[in-house]
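Q: Dock chain Y against chain P, hints included.
Top to bottom, those sequences are chains P and Y.
So the first sequence is residues 1 to 918, counted in UniProt numbering.
So the second sequence is residues 1 to 203, counted in UniProt numbering.
Simulated from the structure, these hints should not be mistaken for laboratory data.
Among the hints, a few may not be true.
Unchecked claim - Using 27 Å as the maximum straight-line C-alpha spacing, the simulated BS3-like pairs for lysine-lysine come out as follows: (1) 208/P - 200/Y; (2) 410/P - 286/P; (3) 100/P - 42/Y; (4) 90/P - 122/P; (5) 410/P - 238/P; (6) 146/Y - 200/Y; (7) 232/P - 171/Y; (8) 668/P - 450/P; (9) 220/P - 42/Y; (10) 418/P - 343/P; (11) 199/P - 171/Y; (12) 171/Y - 154/P; (13) 154/P - 220/P; (14) 611/P - 549/P; (15) 171/Y - 82/Y; (16) 329/P - 460/P; (17) 142/P - 171/Y; (18) 75/P - 136/P; (19) 216/P - 142/P; (20) 220/P - 142/P; (21) 202/P - 142/P; (22) 571/P - 549/P; (23) 200/Y - 216/P; (24) 171/Y - 202/P; (25) 418/P - 349/P; (26) 380/P - 418/P; (27) 380/P - 337/P.
Said to hold, decoys possible - Negatives, chain Y to chain P, calculated, CB over 12 Å: (28) 23; (29) 56; (30) 88; (31) 97; (32) 126; (33) 151; (34) 202.
We put the beta carbon where it would ideally sit given N, CA and C, even for glycine.
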Amino acid sequence: MALFAVFQTSFLLALLSLRAYQSEVLVEPLPLTPESLNVSIDSAHQYLNLQWSVHSLAYYQELKMLFQIQISRMKTSNVIWVGNYSTVVKRDPVLHWSWKSELPLECATHFVRMRSRVDDAKIPEPRFWSNWSSWKEADAQKSLGRDPLFLFPKDKLVEEGSNVTICYMSRNQQDNISCYLEGQQIHGEQLDSNVSAFKLNKVSFIRKTGTNIFCKVDQKDVIKGIVLFVSKVLEEPKDFSCETQDFKTLTCTWDPGTDTSLPKRSSQSYTLFESFSGKKILCEHKNSCNWQVDSDSQEMYNFTLVAENALGNRSVSVLFSLTHRVHPKTPYNLFLKNVSGTKATVTWKVHPIGNYSTLLCQLDLLGEGNVIQQHNVSIKENGEYLLSELEPDTEYMARVRCADANHFWKWSGSISQKFITAEAAPSEALDVWRNVKSVSGRPTVTLFWKPLSKLHANGKILSYNVTVENLDRLSGLEVHSVPATANGTELTLDQDSYQIHVTALNSAGPSPASVIVVSGDPGNEEVEEERVNGTEDGFSVSWKPQSGKAIGYVVEWCDHPQDLPCDLQWKNLSSNTTSTVISSGAFRPGVRYNFRIYEISTERMAYLLEKKAGYLKELDKSACCQHRIDNPEQKTFVMENLQPESVYEFLVTPYTSAGSGPLDAFTKVTTPDEYSHILIRIILPMIVCVLLIMITCYLKSQWMKEKCYPDIPDPYKSNVLSLIKSKENPHLTIMNVSDCVPDAIEVIHKPEGSKIQFLGASKSLTETEFTKPAYLYLLPAEKNYSGPGPCICFENLTYNEAAADSGSCGHFPVTPEALPGQPGPLTSPENLLKALEKNYMNSLGETAAGEASLNYVSQLASQMSGDKDSLPANPPEPVLCSEYKMQMAIPLGLASPPPAENSGLSSTTPLDQSEHYR
Amino acid sequence: MGCPLALCCLLTLLLPLLTPGASMSPAERISQAYDPALYMRKNTSTVLQTYLQCQGSPLSDSGFSAPELQLSSLPPADISFKTWHALDDGEHLSRVQGPFLALTQHLQLMGNDQRDPNPGSPILLAQLSDARLRAQGLLGNMAAIKAALGLPTPPVEDTPGLVPFGASAFKKKRRGYIVTGEYGHWPDRAMRDLALLKAKYPI
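Chain P with its partners taken away, still in its complex shape (with noise of 0.2 Å):
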């Protein structure tokens, strides 16, 4: 009981001793108020980087801590972020932290502060938070020089599809400053009065040289700008596989997906990490990676492939097992041996696999591209196999591939070998054929034979050999050799019965014999001809069995039964058949064709059993014709005596020694009108001809004119004129009109009374009623002049078109429109328009009042003649020279239109010796 007493009070000793120490401890405080707290800026990253630390741990070795840290941007009480780190904190810890900023830190100045709180079990509730650190400034602004403008954040590196935030600072509010991204311009929010962020939502990919972002200030030269540069998504990779081709290396491949290369960073990089070895390695290329198997000891492999770049890393895995990843490499040494026409060896080589793999190869024959055979063979490293019922004469080709015979996993490359088998001989006897006539008196057999097929010749057909035997008379046996070109042969006989052996001979030897025997005596050709209808598909024709021990029946027919060689046809049949349908291409509709049914006896002899003849389609009202072109290279034909306007159908067919191709459709085709080519051949010229003769009309119109019908009549042509000089006076000539010199014009006015003034004139003619002619009086246009004697006056009032000549009448017109601008021989304009007046008023009786048009007036040129410079006082009257009144032309640029009414250029008209007018 003592002992008992004892040992509870030092328990309870202990206890309380215990619990003072524990009392101790949580009673006094812990300083762990974050100390040292520093924060600096990483602009690379646009990281805050926090670092700080812990102090007097003094009674653990370590504790869990938590820290709660504020973050405030431009000024502390703008906290934009608050969060809590949790970490042990050891003994005299410094301890670090980063916050990654959205906003590039550049643009804002921000302000960290922290408190921390124990978050350890040992610590038994309840726990405080310490108090809170002071704040700590991170500001870049300071070190960012003296420029007016900023733009962040420098050549950032994002991900397609990624958001970013970029922001400009400006050292002058005033300033405004507009962003624009590659070219398109963006607006933010203004932060502050000189800072403002854009958010880039979703950015995409444009060039591998960046997204071009730049901002300016209005009315200034400053651009700034970055470059952002976004990078292709990594995708992870796909079709990710290892296998192996020797057991010495695994081949990892596998689809990269899109580069991602950028600037500076370049494509992903591959590396390839196995889990049971622990090894990793760096892949060369992009799209594989090759791993050494170091022994045989490793079976499985576990295979992580980790696609990285500056961004990001995608990964993919794979587990497998080596024996089941064996790839074998494509066979070689493929070779034939001992082809013969139906066999032939193969052989071939594989490079091994281990010691203990066995191969599982698949050879196959082809023959025209078609898998025919298939053989599977297992082998270590040879290959061989027999290949049997091979056609002769036959290209093949054998290809091989092979497998892991254990674990299926993928085929090896193939490689394949052409040949051709052997000939052998032809296997199958000919299908001959005879007809028997007479020439000459001697009966004479024509043997036909159909060419055997490919897969019969068996070979090259090299001849064809026909044995002759006399049945009735021992002789040697005859021997014709054809050649190979040949179908059938002719033979002339006598009146015996001969047995025929005909063969196919080839390089490997002769066909089996068909036999025939014939007989000079025809036997029975008088059979009754009996009809047979044809059909779609031919002519079905049928027959009574005569004497019961026929081997078969032979059908023959021609093919074209109108042409020779009619190309005579046969059909063999079974000793029990009665009937067949006869086919062919080359039937035709409205031809008659006839068929003959021969019984063939045991002794191999055929006799006539019964004769058909039909149509194959009766035609009515048509004629049915049929041209043979025997040149293959002719393209056309020309069908002659046809009737006009009738309707006639047509093919083209080819054919061959074996007969015709198929028919095709009819082409239709309608003759034309007999008349309408003659209409055409004589209608077309006549148009020709009266389109030639109008052209040549219409380019020589004016020759045409002159010659025909000429506007001024002249005098020199005029047939009055032969008679005069030769009848009343030979002296009597035509007057030279170039000799004139003119003196006067008549001017008669418009009707309309159309303004006009003169040269130097004051006054206009037009003021008073100008209905009368007027006359100009002209001078010579030289001192010297000595004008010939009286001259003509001519008269046209129609008259007025654009002619330059020379030797025509003197006379100048004075037109109701002025002249421009030429000096004229007149002395005076006054008393050239005094001499007007006058002489006007004198004329108005001699011509019509209101004549639209000129007068020409001739003069006494010699009453003019050499006094230029002053005009007569009395002018003499106008005489008429002569009866003969010759119209004048006026150049076209003198009857122009008129100038205005105070030009002095009218009437005026230079007597220039270049300028002559009639």
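A: Frame of chain P; chain Y shown alone:
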């Protein structure tokens, strides 16, 4: 067709460098330098166009012009006519040699800049390399003319000086824009100087 022609021109440009001792008259030297300069002037726009195609807006915008953009290490080719006309023969040559030396170095710098951001544009890199070789060839020709004229040929001042290797991508793009722009102007200036000398020293 263009490549052999360019090669011939480059060989022509470099020929004086390879045969410095060959005795030629000043007129021949000037004439020898004139044609390559003319060829260089014709091809300057190609470099600029290729460069801008790779850079994007605003540099590649059709209406973009930034006359205020200049490099202190690369003087502009503009000069008042009065000043230019008053230059003597040696000054005509010397005032072109310095900028061309700067051009060759800036073109080299551009090539380095472009090799980083644009490894997929071998055409631009080749054009920049050609342009640099042409500029070097012209420098050689200028020195040869000076020697033929009996003018002193002191080493040309190395103008580029400090190269801001830490420039941002946008600054590099802009620097390339200025260099390719000046590369379009200086050959014209050089050709005019040579034309003046050619007229003064006829063959």
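Q: If a hint holds in the structure, say so; if it doesn't, say that too.
A: Hint check:
Distance check on the hinted pair: residue 208/P and residue 200/Y sit about 51 Å apart at the alpha-carbon level, beyond 27 Å; violated. Distance check on the hinted pair: residue 410/P and residue 286/P sit about 23 Å apart at the alpha-carbon level, within 27 Å; holds. With a C-alpha separation of about 52 Å, the suggested pair residue 100/P and residue 42/Y falls outside the 27 Å cut-off, and the hint is violated. A threshold of 27 Å between alpha carbons decides the hint, and for residue 90/P with residue 122/P the separation of about 14 Å falls inside it, so the pair holds.
Straight-line distance between C-alpha atoms of residue 410/P and residue 238/P comes to about 19 Å, which keeps the hinted pair within the 27 Å bound. Simply put, residue 146/Y and residue 200/Y have alpha-carbon atoms about 14 Å apart, close enough for the 27 Å limit, and the pair holds. At roughly 24 Å between alpha-carbon atoms, residue 232/P and residue 171/Y fall within 27 Å of each other, so this suggested pair holds. This hinted pair does not check out: residue 668/P and residue 450/P have alpha carbons roughly 36 Å apart, beyond 27 Å.
Distance restraint check for residue 220/P and residue 42/Y: the Cα-Cα separation of roughly 34 Å exceeds the 27 Å cut-off, and the hinted pair is therefore not satisfied. For the given pair, residue 418/P sits about 14 Å from residue 343/P by alpha-carbon distance, which is consistent with the 27 Å threshold. Between the alpha carbons of residue 199/P and residue 171/Y the distance comes to roughly 23 Å, so the proposed pair stays at or under 27 Å and holds. At roughly 10 Å between alpha-carbon atoms, residue 171/Y and residue 154/P fall within 27 Å of each other, so this suggested pair holds.
Distance restraint check for residue 154/P and residue 220/P: the Cα-Cα separation of roughly 22 Å lies within the 27 Å cut-off, and the hinted pair is therefore satisfied. Our distance criterion of 27 Å between C-alpha atoms is met by residue 611/P and residue 549/P, whose separation comes to about 20 Å. Taking the CA atoms of residue 171/Y and residue 82/Y, the gap is about 35 Å. The hint is violated against a cut of 27 Å. About 41 Å separates the Cα atoms of residue 329/P and residue 460/P, which puts this hinted pair outside 27 Å; it is violated.
Under the criterion of a C-alpha separation no larger than 27 Å, the hint pairing residue 142/P with residue 171/Y is consistent with the structure, at around 21 Å. The straight-line distance between the Cα atoms of residue 75/P and residue 136/P is roughly 11 Å, inside the 27 Å bound, and the hint therefore holds. Under the criterion of a C-alpha separation no larger than 27 Å, the hint pairing residue 216/P with residue 142/P is consistent with the structure, at around 22 Å. As the CA atoms of residue 220/P and residue 142/P are separated by approximately 24 Å, the hinted pair is consistent with the 27 Å bound.
A C-alpha spacing of about 32 Å is found between residue 202/P and residue 142/P, which places the hinted pair above 27 Å, so the restraint is violated. Between residue 571/P and residue 549/P the CA atoms are separated by roughly 19 Å; this keeps the pair inside 27 Å, and the hint holds. Of the pairs offered as hints, the one joining residue 200/Y and residue 216/P is violated, with about 48 Å between alpha carbons and a cut-off of 27 Å exceeded. Between residue 171/Y and residue 202/P, the direct Cα distance comes to roughly 25 Å. Compliance with the 27 Å bound is thereby established for this hinted pair.
Distance hint between residue 418/P and residue 349/P is fulfilled; the C-alpha atoms sit about 17 Å from each other, no more than 27 Å. Under the criterion of a C-alpha separation no larger than 27 Å, the hint pairing residue 380/P with residue 418/P is consistent with the structure, at around 24 Å. Proximity of residue 380/P to residue 337/P is assessed by CA-CA distance (about 20 Å); at most 27 Å being required, the pair is judged to hold. Every C-beta of chain P lies more than 12 Å from that of residue 23/Y, the closest at about 49 Å, which supports listing it as non-interface.
Against chain P, the non-interface label of residue 56/Y is violated: not every CB pair exceeds 12 Å, the least being about 5 Å. Its beta-carbon lying about 35 Å from the closest one in chain P, residue 88/Y satisfies the requirement of being farther than 12 Å from that chain. For residue 97/Y, the non-interface assignment is confirmed: its Cβ lies about 30 Å from the closest Cβ of chain P, beyond the 12 Å cut-off. Annotated as non-interface, residue 126/Y keeps its C-beta farther than 12 Å from every C-beta of chain P; the closest such distance is 17 Å.
Non-interface call for residue 151/Y relative to chain P: holds, since the shortest CB-CB distance, roughly 39 Å, exceeds 12 Å. The beta carbon of residue 202/Y sits about 45 Å from the closest Cβ of chain P, which is more than 12 Å, so the claim that it is off the interface holds.
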